[in-house]
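Asks: Given the sequences, and given the hints that come with them, work out the whole structure.
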Amino acid sequence: MKDFTLHIPTKIIFGKDAIKKLGDQIKGNYNKVLLHYGGGSIKKSGLYNDVVRILKDNDCEIFELSGVEPNPKLGLVRKGVQMAKENEIDLILAVGGGSAIDSAKAIGIGALYDGDVWDFYSGKLEPEITIPVGVVLTLPATGSEASRGSVITNEDGLYKRSTGGDFMRPVFAIMDPTYTLTLPTKQTFAGIMDIMAHIFERYFTQTPHVNLTDSLCEGTLKTVIQNAYIIKEDSQNYDARAEIMFAGTIAHNGLLGVGREEDWSSHDIGHEISALYGTTHGETLSIIFPAWMKYVYKENVDRFVQFATKVFDVSEAEMDKDEIAIEGIKRLEGFISDIGLPKSFTEANLPTDKIDLMAEKATEDGPLGNFKKLYKDDVIKIYKLAK
Numbered sequence: 013m014k015d016f017t018l019h020i021p022t023k024i025i026f027g028k029d030a031i032k033k034l035g036d037q038i039k040g041n042y043n044k045v046l047l048h049y050g051g052g053s054i055k056k057s058g059l060y061n062d063v064v065r066i067l068k069d070n071d072c073e074i075f076e077l078s079g080v081e082p083n084p085k086l087g088l089v090r091k092g093v094q095m096a097k098e099n100e101i102d103l104i105l106a107v108g109g110g111s112a113i114d115s116a117k118a119i120g121i122g123a124l125y126d127g128d129v130w131d132f133y134s135g136k137l138e139p140e141i142t143i144p145v146g147v148v149l150t151l152p153a154t155g156s157e158a159s160r161g162s163v164i165t166n167e168d169g170l171y172k173r174s175t176g177g178d179f180m181r182p183v184f185a186i187m188d189p190t191y192t193l194t195l196p197t198k199q200t201f202a203g204i205m206d207i208m209a210h211i212f213e214r215y216f217t218q219t220p221h222v223n224l225t226d227s228l229c230e231g232t233l234k235t236v237i238q239n240a241y242i243i244k245e246d247s248q249n250y251d252a253r254a255e256i257m258f259a260g261t262i263a264h265n266g267l268l269g270v271g272r273e274e275d276w277s278s279h280d281i282g283h284e285i286s287a288l289y290g291t292t293h294g295e296t297l298s299i300i301f302p303a304w305m306k307y308v309y310k311e312n313v314d315r316f317v318q319f320a321t322k323v324f325d326v327s328e329a330e331m332d333k334d335e336i337a338i339e340g341i342k343r344l345e346g347f348i349s350d351i352g353l354p355k356s357f358t359e360a361n362l363p364t365d366k367i368d369l370m371a372e373k374a375t376e377d378g379p380l381g382n383f384k385k386l387y388k389d390d391v392i393k394i395y396k397l398a399k
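In this text, residue positions in the sequence shown follow the working numbering: the first is 13, and each later residue adds one.
FYI, nobody ran anything at the bench for these hints, they're computed from the structure.
Bear in mind the structure is a predicted one, so any value in this text is a computation, not a measurement.
Do not take every clue at face value.
Unchecked claim - Here are the computed lysine-lysine pairs in the DSBU-like style, where the Cα-Cα straight-line distance is at most 30 Å:
no.	residue 1	residue 2
1	Lys136	Lys85
2	Lys28	Lys56
3	Lys399	Lys366
4	Lys55	Lys44
5	Lys44	Lys97
6	Lys306	Lys399
7	Lys85	Lys56
8	Lys56	Lys44
9	Lys33	Lys55
Replies: Structure (structure tokens):
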């Protein structure tokens, strides 16, 4: 196990009617709030009215910036940065899913910087300070409600890039599983794949002697899979929704990755698909992860045998290690199909004529990942396995 420092300061307020505790987080702490969200769903549900009422009850001056899209865009972030600077915003409140939260985090770091916020995402500079960000979560997927990172898409060149730091973790996250009961099926299961992918990026490591976090990863994956099937049969099952919502936070708040070298190449490869085609992040991961697994599993067959046996209960009887590893990948593909997500470019109705371009962009700053270092030719092969 590697040395580590774990700092997770986000206050999680979880459960039915958790929104009633929003005022406790605001009162006496914040005066000028930038309310940041996507489209009309929070207005249709009544959540928007609840949030505005609570902010007004606590004497907050409210500024609004709506229009966050999946794969949040730099253009809207720059608009938010300008609003935050002009109005001396002291809290950015993201209401929605990971896109709204990531966009809010970008505004937070950009508002306290004299240059262009993209400097932090292009790797030119590391951010060091932010306006505080609070969250009212409506879509469990990215784990951004307690994570240290943010991912933004630059419309100029269609680059999807990330930045982060512990200081970027939201100060609080209001999490009520009730808000997820009305989510469209596609969003629900794309979010579930996103959660699993965050665990995969940590679980598939070459670091030995990480038994505790191995068990935490395996247990979280099994919980997600079990409750995904429950939701498939009963979309209104609050308990299953609650399990998924909290799993999303645990999957990406850093706990499951302590003491181990993480990978993240599949995310980088998938980002290029989202950047070009606007594909939902969870769907890009359902396409890429099985292909990545098939390409790299021989780098550490034992790790994939452990995955197959511990997560998907593959029997080791009468099979060699390679066969067990492949069976585990097949069962993951079966699960992906069961929840209605694509496993290939073809199933997602995506073209494959820009594979070389995507591989070039993905690796322009160097090879990807740690489980196996992936260069441009490797990434091309993974894309082709996913065709």
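Asks: All the hints need checking, so say for each whether the structure fits it.
Replies: Right, here's what the structure says about each hint:
| no. | hint | in the structure |
| --- | --- | --- |
| 1 | Lys136 to Lys85 | holds, 19 Å |
| 2 | Lys28 to Lys56 | holds, 19 Å |
| 3 | Lys399 to Lys366 | holds, 12 Å |
| 4 | Lys55 to Lys44 | holds, 21 Å |
| 5 | Lys44 to Lys97 | holds, 11 Å |
| 6 | Lys306 to Lys399 | holds, 13 Å |
| 7 | Lys85 to Lys56 | holds, 24 Å |
| 8 | Lys56 to Lys44 | holds, 25 Å |
| 9 | Lys33 to Lys55 | holds, 20 Å |
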